[in-house]
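Just need the whole structure built from these sequences, with the hints factored in.
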Amino acid sequence: MDKFTVHTGTAVPLRRSNVDTDQIIPAVYLKRVTRTGFEDGLFSAWRANETDFVLNQPQYRQATILVAGPDFGTGSSREHAVWALLDYGFRVVIAPRFGDIFRGNSLKAGLLTVVLSEKAVQRLWDDVEEDPSTQVTVDLGERTVRWSGEVHGFELDDYTRWRLLEGLDDIGLTLRHTDAIAAYEAARRPWLPAVSA
Amino acid sequence: MGRTLAEKLWDSHVVRSAAGEPDLLYIDLHLVHEVTSPQAFDGLRLAGRRVHRPDLTLATEDHNTPTDYTLPLAGTSSIKDDVSRTQIETLRKNCADFGIRLYPMGNAEQGIVHVIGPQLGITQPGMTIVCGDSHTSTHGAFGALAFGIGTSQVEHVLATQTLPLDRPKTMAVTVDGELPHGVTPKDVVLALIAKTGTGGGQGYMVEYRGSTFERMSMEGRMTVCNMSIEWGARAGMVAPDETTFAYLRGRDFAPNGADWDAAVEYWKSLRTDDDAEFDAEITLDASTLTPFVTWGTNPGQGAPLGSAVPDPSEFADESDRRAAEKALLYMGLQPGTPLREVAVDTVFLGSCTNGRIEDLRAAASVLRGRKVADGVRLMVVPGSMRVRKQAEEEGLDQVFLGAGGEWRQAGCSMCLGMNPDQLRPGERSASTSNRNFEGRQGKGGRTHLVSPLVAAATAVTGRLSSPSDL
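Just so you know, the sequences run in chain order A and B.
Per this note's numbering, the first sequence starts with residue 1, numbered consecutively.
Per this note's numbering, the second sequence starts with residue 1001, numbered consecutively.
All the given hints hold, so there is nothing to weed out.
Below are the DSSO-like pairs computed for lysine-lysine, each with C-alpha atoms no more than 30 Å apart in a straight line:
{"#": "1", "chain 1": "B", "residue 1": "K1169", "chain 2": "A", "residue 2": "K119"}
{"#": "2", "chain 1": "A", "residue 1": "K119", "chain 2": "B", "residue 2": "K1195"}
{"#": "3", "chain 1": "B", "residue 1": "K1443", "chain 2": "B", "residue 2": "K1326"}
{"#": "4", "chain 1": "B", "residue 1": "K1326", "chain 2": "A", "residue 2": "K119"}
Now the in silico label distances, taken between C-beta atoms and shown as ranges:
{"#": "5", "chain 1": "A", "residue 1": "P190", "chain 2": "B", "residue 2": "A1074", "range": "40 to 46 Å"}
{"#": "6", "chain 1": "B", "residue 1": "R1251", "chain 2": "A", "residue 2": "L156", "range": "40 to 46 Å"}
{"#": "7", "chain 1": "A", "residue 1": "L168", "chain 2": "B", "residue 2": "P1338", "range": "53 to 59 Å"}
{"#": "8", "chain 1": "A", "residue 1": "K119", "chain 2": "B", "residue 2": "E1325", "range": "21 to 27 Å"}
{"#": "9", "chain 1": "B", "residue 1": "E1325", "chain 2": "A", "residue 2": "E118", "range": "16 to 22 Å"}
{"#": "10", "chain 1": "A", "residue 1": "T137", "chain 2": "B", "residue 2": "N1107", "range": "53 to 59 Å"}
{"#": "11", "chain 1": "A", "residue 1": "D157", "chain 2": "B", "residue 2": "G1002", "range": "25 to 31 Å"}
{"#": "12", "chain 1": "A", "residue 1": "L175", "chain 2": "B", "residue 2": "D1279", "range": "30 to 36 Å"}
Calculated from the structure, these hints are not laboratory results.
Built from N, CA and C at the ideal position, the CB exists for glycine as well.
Below, the structure is given as structure tokens:
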């Protein structure tokens, strides 16, 4: 995973709530067995059917920060939703609330998901629509989002922040504790189910 | 202070706890399917890692599989789509390479991952169960801590049999009283989601409590727990009781003899203590519930079948109003139209929400001696090959076929637009599945979520209906 420290870029205002992962990437794109190349599936129905959809508007073509309404990423656990956003070029998604599984997936895969209040998101939408070239800075070290003189703090637990700042592999971290895992396994109830291949 | 069931389940699986770090949680069972696992197995190969506990891992094929083949199968030739076939073949290779038991298409134990776990008895109280699928919450019906994970976490569990996680908060959903005639567990959970919205359970492990759930069958509890994710909950669970034990006894992976007695003794301790406190509580009165259906494009946009399509202008919250306007446009519905006047093209009976034997029995009880309305397609898709076999032994297949319906092989089918079972653009369905998102059942398809009873009655009239309308 790449390190995430500070990202500055332009933003795209997605004025929609309840953007579920089926909208972010429909199931038909999930048949692939690869880890990259999902950008064509990102919001594919909206991009195809709505000519004025924000991602079809030229002024937002270079945007790297997606700003969405509450309950972004609800529904299916498909991590492909995170991969599609990353493959398309997004580094950050800002919303007032995220689906739990999507949020967890994003922070594993290096897509920073930032929770700001509905009021702050509204302001960011308005400012970006007025001037699509607005530079938005997301600073993970400081845990702030800054644009046009506005500064908004966000919460992210210290551990996840450290892991993202260092670009650390979660599995590698866990494998430092194989002794603890072995000790736990030795004490498991003997009648718990097990499968033979 | 006492602990809640969820806290007991959590605490008993903590491998390691350190200040400022997430808990390292042990996973008792990892269920795997073809869609969310290929990149995880690739990750293992790249890092030179093995599957730590293949004996706690079980795989099936469900999302991509067609449901219209005939047995016996020859390889994967019944899968017409090249990309789908590759994904299935990749799962088979991965399971062979890493020593994981797989129930492939055509196997008597194949089926939807959340149907086969319980029916094999490998889903048991007190366990932690994960799967790269959000409906893993289903297994919570047994008093297990069960939740969906993404592919990075699938790889993590394959490699370590653990997950680093922060403990979610706890919530109680208490429903008391007897469900009125014709009101099912599906109606309970649809009504609950309409009340909370899709984000209401976000950040919580939810325990469903009260006399309504205590009286509910295991199948009904699974339906409710299955849809926990649709209101954002991290997990849903019901404390194990005699109903749970009776369901499990004698199943393939259930303990036997002295082990059974020891297990039951432990399982009986898996209850929320009287002096435990939940971080949040919701209550519903079962006696006020009626058959419930969705009118919009998320599971929270639902209403009693006896009501009308809502008028977005009456929504107080601007974001809700915009969402409702957009949903009605997509659904092709006018405000004020009685829901009972909404005509459907397809009725889908199946999925991990309502594809179990009890669901098929309920639908068959309505369809027996009746015919599907002209122009309506009824697809009945059992959740597993075992459910299919049992239904055939009970003659339910003949009821569905006699009514003019289709009787198909097991799989996720029309719950998600991934296999050949899909709606066409503009087509409308009444579906016993769990998601009415735009395009969920096929590009441009329109979905109304319903119970098996409403699905069956709707198939007969061609419009959203309950059995009392027949």
